[in-house]
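**Q** Protein chains in written order, with the numbering used here: chain A, 44 to 387; chain B, 44 to 387; chain C, 44 to 387; chain D, 44 to 387.
Since the list can't tell identical chains apart, any single copy or any two copies may satisfy a pair.
With a straight-line Cα cutoff of 20 Å, these simulated EDC-like cross-link-like pairs (lysine to aspartate or glutamate) come out:
#, residue 1, residue 2
1, Lys302, Glu148
2, Lys302, Asp147
3, Lys302, Asp342
4, Lys302, Glu314
5, Lys272, Glu183
6, Lys272, Asp147
7, Lys272, Asp342
What the hints contain is simulated information worked out from the structure, not anything from laboratory work.
Number of protein chains: 4
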Amino acid sequence: MRAVTFQEPGRVAIEERPEPEPIAADDAVVRVDASGVCGSDLHIYHGRVQIEPGFTLGHEYVGTVVAAGDGVTGVSEGDRVLGTFHTACGMCFFCRRGLYQQCDEARVFGHGATLGSLQGTQAELALVPRANMTLRRVPEGLSDAAALFAGDVMGTGYHAVVAAGLQPGDTCAVIGLGPVGLCAVMAARASGASQVVAVDTVAERLDTARALGAHPVHATEEDPRAAVKELTELGGVDVAVEAVGHPAALDTAMRLTRKGGTVSVVGVYAERAEVHMGVFWIKGLRMISGRANVIAHLDSVLAMLSTGRLDVSPLVSREMSLDDAAEAYEVYDRHEALKIVLRA
Amino acid sequence: MRAVTFQEPGRVAIEERPEPEPIAADDAVVRVDASGVCGSDLHIYHGRVQIEPGFTLGHEYVGTVVAAGDGVTGVSEGDRVLGTFHTACGMCFFCRRGLYQQCDEARVFGHGATLGSLQGTQAELALVPRANMTLRRVPEGLSDAAALFAGDVMGTGYHAVVAAGLQPGDTCAVIGLGPVGLCAVMAARASGASQVVAVDTVAERLDTARALGAHPVHATEEDPRAAVKELTELGGVDVAVEAVGHPAALDTAMRLTRKGGTVSVVGVYAERAEVHMGVFWIKGLRMISGRANVIAHLDSVLAMLSTGRLDVSPLVSREMSLDDAAEAYEVYDRHEALKIVLRA
Amino acid sequence: MRAVTFQEPGRVAIEERPEPEPIAADDAVVRVDASGVCGSDLHIYHGRVQIEPGFTLGHEYVGTVVAAGDGVTGVSEGDRVLGTFHTACGMCFFCRRGLYQQCDEARVFGHGATLGSLQGTQAELALVPRANMTLRRVPEGLSDAAALFAGDVMGTGYHAVVAAGLQPGDTCAVIGLGPVGLCAVMAARASGASQVVAVDTVAERLDTARALGAHPVHATEEDPRAAVKELTELGGVDVAVEAVGHPAALDTAMRLTRKGGTVSVVGVYAERAEVHMGVFWIKGLRMISGRANVIAHLDSVLAMLSTGRLDVSPLVSREMSLDDAAEAYEVYDRHEALKIVLRA
Amino acid sequence: MRAVTFQEPGRVAIEERPEPEPIAADDAVVRVDASGVCGSDLHIYHGRVQIEPGFTLGHEYVGTVVAAGDGVTGVSEGDRVLGTFHTACGMCFFCRRGLYQQCDEARVFGHGATLGSLQGTQAELALVPRANMTLRRVPEGLSDAAALFAGDVMGTGYHAVVAAGLQPGDTCAVIGLGPVGLCAVMAARASGASQVVAVDTVAERLDTARALGAHPVHATEEDPRAAVKELTELGGVDVAVEAVGHPAALDTAMRLTRKGGTVSVVGVYAERAEVHMGVFWIKGLRMISGRANVIAHLDSVLAMLSTGRLDVSPLVSREMSLDDAAEAYEVYDRHEALKIVLRA
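Only chain A is shown next, with the shape it has when bound in the complex (with noise of 0.2 Å):
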């Protein structure tokens, strides 16, 4: 079969690769109807997250289940399924209060050997384990291109808000409009949010945050403090999502926070950063941060895409055959599109 497979940093290839088989008794396989590209795989891309030449990318899709073990239930042979970017087992210390992102035995699809050597999604099959936990049928009617949402962008998007705890009526800003906090901002409008202040440098993207619903703010030639002062009473919002990944969105997030309110971190950190801790006592702030639960949020995602309440449509800018992945890649990275879906 066909695997988008990476090469070296700025590099991916379609290689040939043996068709994958379940394995453990939960194992499925599913042939891959569509697969997105992600900013995750960019950072692979570049080479800042590092894994090895040859190993198969993606961690987004939908497809039909062609084969299961004796110990997959949730789903059948002939059913058309959508999956999480990780697995979980269910059963450890952190399954079992339900932080399957946490899971002592999680493994990330197209990441290599350092989240677990799962070989990734955009191929034309893919293996997946622990089926019963990652794998949904997809409800009637839902598109595949917005069904490999769910799993992935759409959930972190979901979990950005809900795991903060928003209320109906508060108030919330998302800072960085790439997809995650696009759907963060859909899924601050769709819990009931009075208002969601939406702040990025890119005119497109705050475009987008506009008809969804945002309030969109210029980081650099507007004044995010002076926006959100003007649009809540208490000149802070409850909840502040950090969807960059960098110090200075983290610092916005928290200068934009009301008292006693919430600074939820979805973008990814590695290293130390200075951090205004003065700023984050005095107001007495919570910070919740870390990998989206998409597991434990996955049948509420799905309820809210197939009945309508969420609609990620506006965020798929391309479709592109899997052939044309290394073009798919390059386009990506020069921002040209929020999502690319790669057919087989």
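Knowing the structure of chain A, use the given hints to seat chains B, C and D on it.
**A** Same frame as chain A, but now just chains B, C and D:
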């Protein structure tokens, strides 16, 4: 000043009353521009809730502050304001836990000696104790008719689903589509419910529910359980709202709820009732009940009304003059209107 | 192997049964060192809960793993283990929300075909499905008698107060001082309850409650409401545990609870019951109910038992031989023991 | 009356001050029987926190009401009372959400103009604004020395673990064993923590922690991470309390916390600090911070103190006369006492 007073079961009158003045430091006096007639008023009108003849009715209002004691800091003379249906001291054990509806000093407007001897708001002027807790400025652009929902019916609809812990993507059933039930439908939708099943026997109410995005189900001509089974993967909803106050409605609510779900009882109970504790126990349900905490929810509800996340205009079916209060009660009693607004 | 089997109401027997073997990959077989006789067993013994004659009884146990399928990862052959009274799949909708007690595939040991046809643990060997979810290694230094409480009675006592949201400093009442009620008393004290009022009619049980730090109140010779009024500033407790399963106990629980408090129903209900919904509504109470989530609480309960924060030794009133099971049931039925441990 | 006033860094004095009288309706005046010297006082004493020379110090106190305005309803003249270290209005946005420590009108006793110009309580008499929110009657049998802990240090220790969501059976680490850290150790134990690891460098403090039931670990001579690994199955604690206010302590707290756990920052920060956001993100930690919500916790803490669930007597190392305040500050500054109580 003129005031709508209870005379005897089935009869209200317009009477002259002395103009109120602030007594305590945190009292305010409000010139009432519009006041609602509510289902609770009907309980008094029918004599089911007993109050003293001559007592002024009404507990929903919007108006203008005309006098305020020294201790009133949140609003000022001349402010256009709305109020909650009851007062709270802000300092007792219950207030300190945010359970304002259980305040040891709570007084309900227009409900006679039993609930605090606080004259009602269907009058030209109203004395408002604890003004800092119960009054809020009307956000710009919000109509009188919308504003007076915030402190009573819409606050109760919001409470019904939010205090029940409804999460974005959850499913919800609402039993009873009076104004409170319809507000619960709206609140559920605005809070991200993926499906809302609305149960009643009145065609117009079912139509309104459909227009608000719910699945209407006739309580006797259709089968609510079958409808819920079809609409939900689990055969039961996450949250069922009992907005009637009758054991049969409670039974339906319990049967429509999934295992581990929540039954939210906003319908009023005063007596013993037969409850299927077996179903309750086997399913491991949770039940919340009692008067809604409208003071706690007031900021959120107002923010949602003023930004259009909630829109109560479909519920205001008639505006009448304060002088026509006797007729208004008759119209409301014949269920010819969902909400009547009396204008002074 | 020998097993304690149900014969007919009032009669159990020791019978020979084939030795179980692991079938599914996540099955284990445990050589049972000690097994408890529990109040639920009495329901079967009396014929109130009907099971097939010849079915093996028991659902509390501690022992040693003698065989384990390939998929069993949490424990190994030779490990000293304890188990929960029921199994859970870890993967269904309910398990994914941590509601293990509502698992769609849950099976209860020793309760016949109705609850999953899973042979009981009052035997020399027990087949344990879903071993990863239900078995845990016994912490060093914990006695057999203490360990077998973790997965059933103590797990239920912990659930009764912790799932009810008891906070350190809160007051608590426990109605019914059987083993579950006494475990709730212990859990409340260990969780920081400032006052625990323990209500029953049996002098010995009241004495035990006093020894555990509670205020014993005789249900009929004394006045529980007066006692609670004296001990609490508010005239009601924050959390009342109904550990009987009788409408009169539920009524007491509701009357002892303060406004806005929680009634935690761990006593078993199967039928309709008259409930004072008026009291429930006026006070704005919250009620939780159903089977305890012992799998979710297992780590916490074990940690508290092994560090001495909980000490169940006052509850183990008798150890007997498995061969004397018939006598053990008679003794237990005469309420001559709070907990009988059968040793193989 | 005599009062302890700040003069210049390193020097306090006893000065004569006019006797305060109630001004606002909810003011009270308290004759102070005992007042504590606290770590926050040292910040002022050292000039790190700047206040006006001549300002009266102190914010922990117990005494007798000698005058009360008309609006004071919770306590009466002659009542023996204790107070919280700050006031709250009970009515602003933050108070209405129970975030009393973030009250828009909050004033801290004895902290000069920056924190509300409210004269301190190390004096013969103290003016207490917002008496309904901040004063509580001392429960019978509670000593002065114990009572004055409730509204400050013990309230903060309780907040550190309870606001962090510690559940019975959880493990906890406390970094920094000053009075607040030791109170956090006590609160964790009393709330059902199975293991409490207490980290400091001072032998006496580690001894006190051991006596309180914790596992003492020397921060530099031992290895806190190794100790936590040995004591917890997961290699990390559920909740880590940072009770120092220093980046190194924060770093330790983050490293001792398990994946998905909570870091509770009660140590004070005023500046930027380098934080290992990579560790924070990868582990998916949660952080709470800021001034403790002692008003919200006051009833619970008092209930635990008066029933012996919490016992602060090991922390009161010295009682001195108000007239010896200068010496008391010197003794406290030399760390010769954990808590000094000044008696008028």
